[in-house]
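Now for the letters of each chain:
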Amino acid sequence: MERRITLPITREMVDTIKSGESLLLSGIIYTARDAAHKRLVELIESGKELPFDIKDATIYYVGPTPAKPGQAIGSAGPTTSYRMDAYSPALIREGETGMIGKGKRSKEVIDAMKRYGAVYFAAIGGAGALLSNCIKSAEIVAYEDLGAEALRRLVVEDLPVVCVIDSEGNNLYETGRRAYLDTIAELRETE
Amino acid sequence: MRTINAALLTDTIAALCVEANCRLPEDMRNRIEDARAEEKWETAQGILDKIIENYNIADKNFVPICQDTGVCCVFMKIGQDVHIEGDLTEAVNEGVRRGYRDGYLRKSVVADPLRRVNTGDNTPAMIYTELVPGEKIELTVAPKGFGSENMSRLAMLKPSDGIEGVKAFILKTVEEAGPNPCPPIVVGVGIGGTFDKAALLAKKALMRSTDERNPDEFYAELESEMLDKINALGIGPQGFGGRTTALAVNIETMPTHIAGLPVAVNINCHVTRHKSIVL
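From first to last, the protein sequence lines stand for chains A and B. So for the first sequence, my numbering puts the first residue at 50; every next one is plus one. So for the second sequence, my numbering puts the first residue at 6; every next one is plus one.
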């Protein structure tokens with residue numbers, strides 16, 4: 050029932066991932082929140098090189114808790130994505146194909162996803178301890194001064210996510226809710 | 006007159022910070038398990054199962070339930086016959102500093118809202134003091150995540166808007182929040198007072214156990230009606246659709262001005278954390 054995907058997600062793979070699908074991601078992802086996104090986009094705008102290869106990259110919006118001794122990383126659930134909306138279109142244009150967060154996205158982000166080919170996943174908000182278990186290693190790539198908000202490279206194994214918005218713009222936040230409401234309305238009628 | 010050394014406050018708060026972040030209050034666990042039993046939508050059932058599994062992992066390994074270990078809200082009901090030896094504010098902040106460092110909790114506070122440099126130790130705490138009769142101190146430590154805090158709203162309604170206006174504002178706030186605050190949520194509502202007091206009441210409403218209803222029958226019924234209305238919206242766990250959008254609606258009220266009807270809605274996620282102790 051959950052499809053396994055090995056990262057990176059290429060532009061060709063993007064179209065095969067559909068809104069509503071439950072997936073298990075394995076491979077390399079990068080972490081960045083508001084502050085790191087702002088710096089990345091400033092680099093793009095000034096024509097400078099990014100601290101990692103953005104082509105076919107998946108970015109996880111997370112600021113983990115510090116690792117306890119023996120842990121690869123602390124609790125690591127998603128943060129709310131709309132705060133990255135101002136920056137995501139530029140990153141998608143540069144090659145980003147996957148985003149992991151939670152919550153709604155702007156029209157501008159969805160337009161960029163459709164135009165260039167990218168998918169938006171949600172991980173379970175508030176399930177930081179569970180998701181931490183899927184992260185096998187973590188290293189800081191840049192912006193160490195940002196603490197929890199530093200840019201990290203993670204190796205993940207079977208990270209559970211749901212594709213919320215696909216490259217055609219289908220959106221589970223709209224379709225899932227409508228399907229539920231239609232179903233209970235039908236049930237009421239037959240009762 | 007009783008003397009309490011500030012160092013005792015520091016030790017107590019440090020321990021409460023860690024405990025509150027790793028162990029969910031009993032009432033919240035009961036609410037989510039009740040919700041799982043009631044939920045008929047398959048996707049929603051799967052999400053609720055993973056949420057419960059997450060609580061269990063955090064509890065077993067004594068790690069934070071959520072990586073947003075919050076800004077630390079510290080509520081203190083201080084008996085007026087207590088003399089505190091030492092600096093109260095510094096004692097609280099030292100407790101938070103130690104708890105967040107030794108408990109491997111995330112430091113999520115910036116020193117200035119616009120210049121945004123992290124203080125590095127999760128201080129200062131948000132401190133709320135209240136003087137009460139007696140010679141005890143009741144302490145509540147409540148880490149507050151901002152995914153849900155950002156979805157909170159306040160409205161200065163007109164008296165003519167009445168109860169229907171209040172209901173509409175609560176529903177609108179939850180509807181607009183949608184999947185963003187990590188549903189299933191807890192909804193704290195403050196009605197009355199002034200602009201600032203309404204917000205404070207809403208926050209205090211989130212501190213009340215979800216086992217308790219408002220002692221005033223009129224508001225207890227309003228809590229129950231709003232919970233049903235919110236759970237008919239269909240947002241569901243994580244916004245993927247389903248019945249379980251909210252686990253509880255807690256309403257607190259106070260007198261207000263003849264010309265006003267302030268309403269504040271403070272949203273909290275399914276990781277509604279608070280831990281209290283009486284010294």
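Because the hints were derived from the structure by calculation, they are not lab data. No residue lacks a Cβ here, since even glycine has one placed at the ideal position from N, Cα and C. Wrong hints could be hidden among the right ones.
What the hints assert, rightly or not - Pairs of lysine-lysine, DSS-like flavour, derived with a Cα cap of 25 Å: (1) Lys177/B - Lys117/A; (2) Lys117/A - Lys104/A; (3) Lys67/A - Lys82/B; (4) Lys141/B - Lys163/B.
To be verified - Using C-beta positions, here's what the derived DEER-type ranges look like: (5) Met131/B - Pro118/A: 28 to 34 Å; (6) Ala12/B - Lys104/A: 52 to 58 Å; (7) Glu90/B - Ser155/A: 43 to 49 Å; (8) Gly196/A - Ile168/B: 43 to 49 Å; (9) Met161/B - Lys87/A: 32 to 38 Å; (10) Asn66/B - Pro100/A: 30 to 36 Å; (11) Glu140/B - Glu240/A: 55 to 61 Å; (12) Gly96/A - Leu119/B: 38 to 44 Å; (13) Ser71/A - Asp32/B: 52 to 58 Å.
We went through each hint and held it up to the structure:
no.	hint	result
1	Lys177/B - Lys117/A	violated (41 Å)
2	Lys117/A - Lys104/A	violated (32 Å)
3	Lys67/A - Lys82/B	violated (53 Å)
4	Lys141/B - Lys163/B	violated (40 Å)
5	Met131/B - Pro118/A: 28 to 34 Å	holds (30 Å)
6	Ala12/B - Lys104/A: 52 to 58 Å	holds (55 Å)
7	Glu90/B - Ser155/A: 43 to 49 Å	violated (53 Å)
8	Gly196/A - Ile168/B: 43 to 49 Å	holds (46 Å)
9	Met161/B - Lys87/A: 32 to 38 Å	holds (34 Å)
10	Asn66/B - Pro100/A: 30 to 36 Å	holds (32 Å)
11	Glu140/B - Glu240/A: 55 to 61 Å	holds (59 Å)
12	Gly96/A - Leu119/B: 38 to 44 Å	violated (28 Å)
13	Ser71/A - Asp32/B: 52 to 58 Å	violated (30 Å)
Hint violations for this structure: numbers 1, 2, 3, 4, 7, 12, 13, all remaining hints satisfied.
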